[in-house]
Each structure stands twice: as structure tokens, then as C-alpha cells.
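Which chain is which? The protein sequence lines are A and B, in order. Numbering that gives the first Met the number 0 puts the first residue of the first sequence at 0, with every later residue one more than the last. Numbering that gives the first Met the number 0 puts the first residue of the second sequence at 0, with every later residue one more than the last.
Among these hints, one or two may not hold up.
Where chains are identical, the list cannot tell them apart; a pair therefore holds if satisfied intra-copy or between any two copies.
[Unchecked claim] Quick list of in silico lysine to aspartate or glutamate cross-link-like pairs, EDC-like style, CA-CA up to 16 Å: (1) 387 with 268; (2) 209 with 141; (3) 365 with 236; (4) 385 with 367; (5) 234 with 51; (6) 80 with 259; (7) 429 with 43; (8) 387 with 92; (9) 370 with 453; (10) 181 with 428; (11) 365 with 225.
Hint data in this document are derived by calculation from the structure and do not stem from the laboratory. Since this is a predicted model, take the numbers as computed values, not measurements.
2 protein chains.
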Amino acid sequence: MTLRLPVFLLALLMFFAPLASADELEAQANELIKRALASSLSYELTESLTTEIGPRLAGSAAEARARAWAVRNFESLGFDKIHIETFDMKGWERGQISIQVGAPYTQPLMGTALGKSVGTPVGGITAPVVRFADYAALLAADDDALTGKIAFIDGGMVRTQDGSGYGAAGLRRRVGAYEAAKRGAIGLLIRSVGTSHHRNPHTGGTSYRKGTPPIPAAALSNPDADQLARLMVLKPDLSIHFTQTSRFIGTVQSGNVIAEIPGSEFPDEVVLIAAHLDSWDNSPGVQDDGVGVGIVMAAAKLIQDFGQPKRTIRVVLFGAEEVGLYGAFEYVRAHQAAGDFDQIMMVTESDFGAGRVWRMDTGISKNDEAKADRIQLVLAPLGVTKGKRTASGGSDVSALTRAGAPAISLVQNGWNYFDLHHTPDDTLDKIDRSDVAQNTAVYAAYTWMVANIEGGFHPPEK
Amino acid sequence: MTLRLPVFLLALLMFFAPLASADELEAQANELIKRALASSLSYELTESLTTEIGPRLAGSAAEARARAWAVRNFESLGFDKIHIETFDMKGWERGQISIQVGAPYTQPLMGTALGKSVGTPVGGITAPVVRFADYAALLAADDDALTGKIAFIDGGMVRTQDGSGYGAAGLRRRVGAYEAAKRGAIGLLIRSVGTSHHRNPHTGGTSYRKGTPPIPAAALSNPDADQLARLMVLKPDLSIHFTQTSRFIGTVQSGNVIAEIPGSEFPDEVVLIAAHLDSWDNSPGVQDDGVGVGIVMAAAKLIQDFGQPKRTIRVVLFGAEEVGLYGAFEYVRAHQAAGDFDQIMMVTESDFGAGRVWRMDTGISKNDEAKADRIQLVLAPLGVTKGKRTASGGSDVSALTRAGAPAISLVQNGWNYFDLHHTPDDTLDKIDRSDVAQNTAVYAAYTWMVANIEGGFHPPEK
Numbered sequence: 000m001t002l003r004l005p006v007f008l009l010a011l012l013m014f015f016a017p018l019a020s021a022d023e024l025e026a027q028a029n030e031l032i033k034r035a036l037a038s039s040l041s042y043e044l045t046e047s048l049t050t051e052i053g054p055r056l057a058g059s060a061a062e063a064r065a066r067a068w069a070v071r072n073f074e075s076l077g078f079d080k081i082h083i084e085t086f087d088m089k090g091w092e093r094g095q096i097s098i099q100v101g102a103p104y105t106q107p108l109m110g111t112a113l114g115k116s117v118g119t120p121v122g123g124i125t126a127p128v129v130r131f132a133d134y135a136a137l138l139a140a141d142d143d144a145l146t147g148k149i150a151f152i153d154g155g156m157v158r159t160q161d162g163s164g165y166g167a168a169g170l171r172r173r174v175g176a177y178e179a180a181k182r183g184a185i186g187l188l189i190r191s192v193g194t195s196h197h198r199n200p201h202t203g204g205t206s207y208r209k210g211t212p213p214i215p216a217a218a219l220s221n222p223d224a225d226q227l228a229r230l231m232v233l234k235p236d237l238s239i240h241f242t243q244t245s246r247f248i249g250t251v252q253s254g255n256v257i258a259e260i261p262g263s264e265f266p267d268e269v270v271l272i273a274a275h276l277d278s279w280d281n282s283p284g285v286q287d288d289g290v291g292v293g294i295v296m297a298a299a300k301l302i303q304d305f306g307q308p309k310r311t312i313r314v315v316l317f318g319a320e321e322v323g324l325y326g327a328f329e330y331v332r333a334h335q336a337a338g339d340f341d342q343i344m345m346v347t348e349s350d351f352g353a354g355r356v357w358r359m360d361t362g363i364s365k366n367d368e369a370k371a372d373r374i375q376l377v378l379a380p381l382g383v384t385k386g387k388r389t390a391s392g393g394s395d396v397s398a399l400t401r402a403g404a405p406a407i408s409l410v411q412n413g414w415n416y417f418d419l420h421h422t423p424d425d426t427l428d429k430i431d432r433s434d435v436a437q438n439t440a441v442y443a444a445y446t447w448m449v450a451n452i453e454g455g456f457h458p459p460e461k
Numbered sequence: 000m001t002l003r004l005p006v007f008l009l010a011l012l013m014f015f016a017p018l019a020s021a022d023e024l025e026a027q028a029n030e031l032i033k034r035a036l037a038s039s040l041s042y043e044l045t046e047s048l049t050t051e052i053g054p055r056l057a058g059s060a061a062e063a064r065a066r067a068w069a070v071r072n073f074e075s076l077g078f079d080k081i082h083i084e085t086f087d088m089k090g091w092e093r094g095q096i097s098i099q100v101g102a103p104y105t106q107p108l109m110g111t112a113l114g115k116s117v118g119t120p121v122g123g124i125t126a127p128v129v130r131f132a133d134y135a136a137l138l139a140a141d142d143d144a145l146t147g148k149i150a151f152i153d154g155g156m157v158r159t160q161d162g163s164g165y166g167a168a169g170l171r172r173r174v175g176a177y178e179a180a181k182r183g184a185i186g187l188l189i190r191s192v193g194t195s196h197h198r199n200p201h202t203g204g205t206s207y208r209k210g211t212p213p214i215p216a217a218a219l220s221n222p223d224a225d226q227l228a229r230l231m232v233l234k235p236d237l238s239i240h241f242t243q244t245s246r247f248i249g250t251v252q253s254g255n256v257i258a259e260i261p262g263s264e265f266p267d268e269v270v271l272i273a274a275h276l277d278s279w280d281n282s283p284g285v286q287d288d289g290v291g292v293g294i295v296m297a298a299a300k301l302i303q304d305f306g307q308p309k310r311t312i313r314v315v316l317f318g319a320e321e322v323g324l325y326g327a328f329e330y331v332r333a334h335q336a337a338g339d340f341d342q343i344m345m346v347t348e349s350d351f352g353a354g355r356v357w358r359m360d361t362g363i364s365k366n367d368e369a370k371a372d373r374i375q376l377v378l379a380p381l382g383v384t385k386g387k388r389t390a391s392g393g394s395d396v397s398a399l400t401r402a403g404a405p406a407i408s409l410v411q412n413g414w415n416y417f418d419l420h421h422t423p424d425d426t427l428d429k430i431d432r433s434d435v436a437q438n439t440a441v442y443a444a445y446t447w448m449v450a451n452i453e454g455g456f457h458p459p460e461k
């Protein structure tokens, strides 16, 4: 199974190679692809991080151990300028949860706190539930429609290859607590923002706004949301007893781990490839984002073994992504303050699981598009198509893009991503070795070409 | 989707009907099949029980509500002699669990108490873990190999259509605690006895024996067992901190709910069809065994609407199956004491999920085999083949078979059953309406023919 597609791809490469280019850069990239497809380093690093550290909540002792793991592994792989850039943040912990349906249908439901949710008062809250078919239905409710009630925001999520179903469905998680509290609600339950049909509720950050009280918010697994919806047909004024001990725990430390391959000709032009070290606390965070860490570390190591790039390649493993891109914002702040932020010539992040890269989007100057096309043509035999002329580069690095950095997004197949993402089910058995190797090959060839291509890349025109 | 297969089956029936027999009994059975495939009653009853009551642990208030639900529904469906036969039992509750891997790999693992396990001392136990590749490896260990240790029994489970993989793999759950304690262990962890790759650990009863201390026992989900196995390669003397608050809670009440369709000619000859009302507490128990309740209730109702059978049809919904067939043993005891046990002319139970019936096994007198063949030929167009000449009839009713009752097993396809069985994932979304209708059709036709066939059935020769 593992060898099936790589062999097929190698055959394709042999076919395309003469067509692609006689150019040296293309030949080098093709050699890196060949080596990456034959390597299991990215999978091994992913297994090591997610097995040895397990869940890595932002600001936790486990996240600190993950930073030590990264430094140790960067060192043993022979990288340069390995260091940690630490920062303080507000710590949060999930605590315990209990969601009990009231009489006559007394029964427990499975849920999990939304990230950064407050807890309930000690002893919990008991209140009637008001169901909204989706987030839009909540917005249509009157200002005092939920006084003393628990809001239940139901609604589906569309499965897509590019993850676009997540943004729309995610509103109920990201701002549902605010909109419910504004209408008087004392608690919020949402249907998990995910496509899993297993009883593994989906967490992810929620938010509050000034002027409305923060209310405890949790997600029900999809089967539990089904159950609650059925029960509310039987009894529209059903009550729920909801107890949650999630809480903020004061100031804690996180950090970004950085390592480099110095450039031979243009050491101050930086090609930045990234992933994030933290995960939610309910899983070992394999797809999100242990495998991204494995992919970018292994891609850089393959390059290092291959030869020195003209530009500097900087691998950044961000901290505290899940709770709000804290590491990325700190990176921008610190490097703008240090005056070296503009050295970044390109940013790209692997943070969408282990599905194959199938599209390359560009957020660069129009004048550089032909160079991007050269790269895409080399990646085409791996299944990578030409994409949109807009790109954030990925989750964390979108903060760098917003601060002006050029970006290329190597878009992964996310068809199954939200079956696992942010649930307890994000475990090692769910990723495929040959898919991981395809990603590594894409990153190695892409990064090598960006780091060596004549003229480099520039930010998109405003 | 729902209509696809029934339509196909109806077409098949129209084709086979003239071949099958011109006999009146066969024609009646075929009419019942037609009605059952067009009915959604079994699905509706399953949805009602598992939604309105939810989890139904033996001896709990929820199980008592399930008995009231059964009586209410038997009454509204117009059954006869509806009553509950109660009995006392030792109550047990799952409590909370925490399994923490020790340094340097500090992280939580997901598990659940095995049914009827004792808890740990308050504050938990901390001890090195000893891994056994499977149950046989534990049996090969020395008598004092585990003194002061926690045993971890790993091992797979073979996926099969007939569920035969479960029996062998289940030894680690059923008697692992005894064998580990005999060798000095102070706690037991096992890999879930199930085929689920999700983080939903599999519960199910464990047992202790006199002469060895009862030790706390829990199952890890399959991904967590993978994780522990990987960690123990890195550190073979890994420690675990294990806390579990499961406990026995004194005497509680359970009961069997019984309803009948009286026989017109032989009211004292009883055709017994069964399912069980209780479930484990970690799910709404849809496949195990809400759907069995729906199937046998609906099959009997279809018969009642069709016409009075010559023999009495008795529907028995047993209590407290999961914890050790308590309801079934009580049924045998009470009815042997009352002197009417031998009225039972046949027993069959639906307790293997919602997969289609594909085989008919017989545990009857050799002289009655031709009659069983007549029934199987009617069921053949539904996909039911002739099976083995030995049958327990099903889980609970195996207690009745052991006490001498003839049995026919209507064997279901269990290929996916252990993806859900005894896990939190045993929810309504996992069953297929057309599969449930096929089961109902099989039960209706089968039960009608047994209740009317000339000469009836007799126990197998010793």
C-alpha cells in the first residue's frame, strides 16, 4: 500500500522529466522529489513528536516538552541557529464537563468545552434549551429571546476538498457565545463543527466581546446533537443541567522554535516554512499539526543533505496556534521590532493534515508569477495544479502575510480532515505514509526552488 | 436509499413466490414478509427507546424507565398478558477514570472501566506496566511475574461476519483480571475487544475468582493501546498512574418485560422471541440491543395484525443481559419453579445489531429438520442460507437452551458490529433502515411459521 503511489509517481516522473526542463534547478528539484518519496523521515518525526509528547496544549508543560523535542531533533539533524523565541500568554485548561438532559428524558450527552470558554458556576446551570437550526437562525432571534436559557446552535457542515465548509459552519463556534449572550443566554451548546459521525466532540477556540457576559460554551458530538434535536421535537422546552470547569489559569509561557539552513549567496533573504508545535489537549494532534512539523523538518533536512541553498531556509515551529495564532503574532511583533521582518521573502505552512497537496496558490507580485509557474510545473507530476492568485500561506503565517510577506499556499486535500480535526480521534493510525511522503516531496522541491530561483519573490501589489 | 433494497427484494419475492410453495403457510409467511418490508415500525420503536431513554444500565433508574416504555408500547400495540417479572441484583456503576502515562512521556490515555470492575484505592495506583502481546502471553508468565505491577494485555481482534473473532479476543476482558491478579498484578489494562479505530473504548463485563484479589480493570481504545505499545518500546519499564472510581452499589432491581399473542389451538405451546432492554451506560445502546427490541416487537405486531397464530407467541425483553444474563437466568429459575418452563417450544433472540440475517442455525430434534428447511426456503429470498445443526438461539436465550429449550438462531451479519458494540459510538445514525426491515421480515415470517407449523418443534437429541 505504501509503495503503490510512489512507484506510480516515479514512473510518471520518468515520463515527464525530459519534458519538464533541461534546466539545472528543475533537475535538482526532481532529484529532491525522488529522495523524499523514498524517505520515511517525515513520518518518523511525526510519530516521535506525537507519541513521545502526546497532546501539547498551548502554554502547558507538554508544549514546553515539545519545544525541547524540536530543539533536540533540529540539533541531531544538524541545523543551524537553533533557538526558541518565548512569549507569555494567558493559560487555559479544559477541566471536566457534564451535560445531563432533564426529565422525563434523563440521560447524559457527550460534549467538550470550546477552547477558552469560561466554566459554569460551581454546581452547574439548569435551564431550558432553545434550539436554533443554524447560526443564521440565532442572529434572527430577538434581543431578549434567550433570557435565562441555554442556546443550542445546530447546523451542518459541508464536506469539501479545500476545507471551505469549515469557515461558514465555524461561525457558531467562534462567535456563537457572544451572539447568544447578547440575547440573554446563560450557556451555549453547539453541534460540533466537523464531519465526524463518531462520539468525539470537536473543540476549537470561542470568543467573547466586551459588553456581554462570557457564558460557558461547549460542543456536542454529532450523534449527541442528533439526539438532542430529536428530544427537543418531543419536548421543545427540555431542560439541561450543564456543568463545566474550564478556566483561565493565569500567565504561562509558550514559544516558537526556529532553525535554519544558511543561504550561500543571499543569507539575508529568508524562505520560511512553518508548522505549529501545539495541539489541543484532547488528542496527540497528529494531523493538527504533528504531521506538519514532520513534513517541514524532513523537507529541510532533505535539502540540507542535498546541498546548500542560495537563500536562507528558516523552519519555524510556532507555539500557541490553536488558541489564536499567538506565536505567529509574537513572531511578527518581535521581528518587526528587531528590524529584520522584511528579510522574509516567502512564507508557507503545512497545517491542514496529511492529505496530498493538490493545488498551489500564490500571493506574490504579478512580476513573479512566471517563476511560480516554473515551480508548479515541477510539482505537477505529484498531482499539484495551478491555483488561485491569492494566498495566506497557511494558518500561522497568515499573520506574516498580513504584515506584508509574500506567500505560496500548498493546498492539501481536506476531504477527510474534519473527521478528525480538533477531536480526540486525531491519532497516528489515521495518516497514510505515502500521503505524508508526497507532502514532503512537494515541500522539499518547492522550498529548494524558491531558495534558489533567479530574482526571488516579492509581495503582491496592493 | 431506504427503498432500494426492499424494492429489489419484492421483485425477487414475486419471482420466487410461485416456486416456493402453493402451501397456505408459505403464502402467509410471504405476505408477512411483504408487509414487514413496507413497514418502518421496528425502526420507529428502536428510535423511540434509544432516544427517549438513552443508556439503560442494568438495575438503573433508566432501565426501569425502559421497562415502563416497553409496557406502554406493548399496551398501545394491543398485546396480551403484558407484565414485568422483576428480580434483585447487585448494582454497579462506572464512575470516573484517569490513566496517566508517567515521565518522561507524561500524557493521558483514554480508557473505560470494564463492567463490574472494582475501583482503585482513592488517589489511584502508580506502578510500572508490563505488556503482554496477547492473553496467551500472560498465561505463559510466571506466578509472581507481576507483583506490584499493572498488566497491559494487548492483542488484536479478527473481524468476521459471524462474530467469531470476539470470543477468542474476549478472553483478556473476561478473565484477564483474574489471571493477572494471580501473578501479583495490582491493576489491569487491556486493548479494547473491538474493531473500532476511533477513540471510543470498549467496555463489557469482567470477572474475578475466589482466592485472588479483585483488581481494577479497564480497556484502552485501540488508538490508545497503539500509543501505549509504542511508548513501551521506548521505555519498557514505563509507569502509569491509574485512578478509577467504579464500584458496586448494593442491591438494585431489574426485570423482564413480557407480552403475548395467545395461541388459538395450542395456547400452552410457546414460541418465544426475545431481545434485551438493558444496555451499557456509555451509549444509547442502539445496536446492542435497542434494535433487537424494535425487531421482535414489530415482528409480533405484524403477526397480530395479520391473524391469530395457533401457538402462543411470547415476546420477552430481558433485563440485565450485559452484566451476565441475569434476566435470562431468572426467567429459567422462575418458570421452572412455576412448572411452566417446558411450555416453551422454541426460542430465538435478536441481539447482534442491525446487520441482515444471512443464516439460520437449528438446535432442534433431527425429526423436525424438514420443518426447519421449509422455513429456511421461505427466508431464502431475503438472503438467509441454511446453517449449522447447533444453535443457542442468542445471548439471553442460551440460558433457556441450556435448560432444554429448542432453539433456532437467525444469524446476522456482524462484519461491522464490533466497530460500535459496547462503545460510546452505538448510536442511531449507525443503523440502516432497510437492514432493520429485512430483520423484521425474517422474524415475522419465521415466527409465524413456527407458531403454525404442523407438529411443532422438539428439543435436540442428547
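If any of the earlier hints don't hold here, list their numbers in rising order.
1, 2, 3, 8, 10, 11
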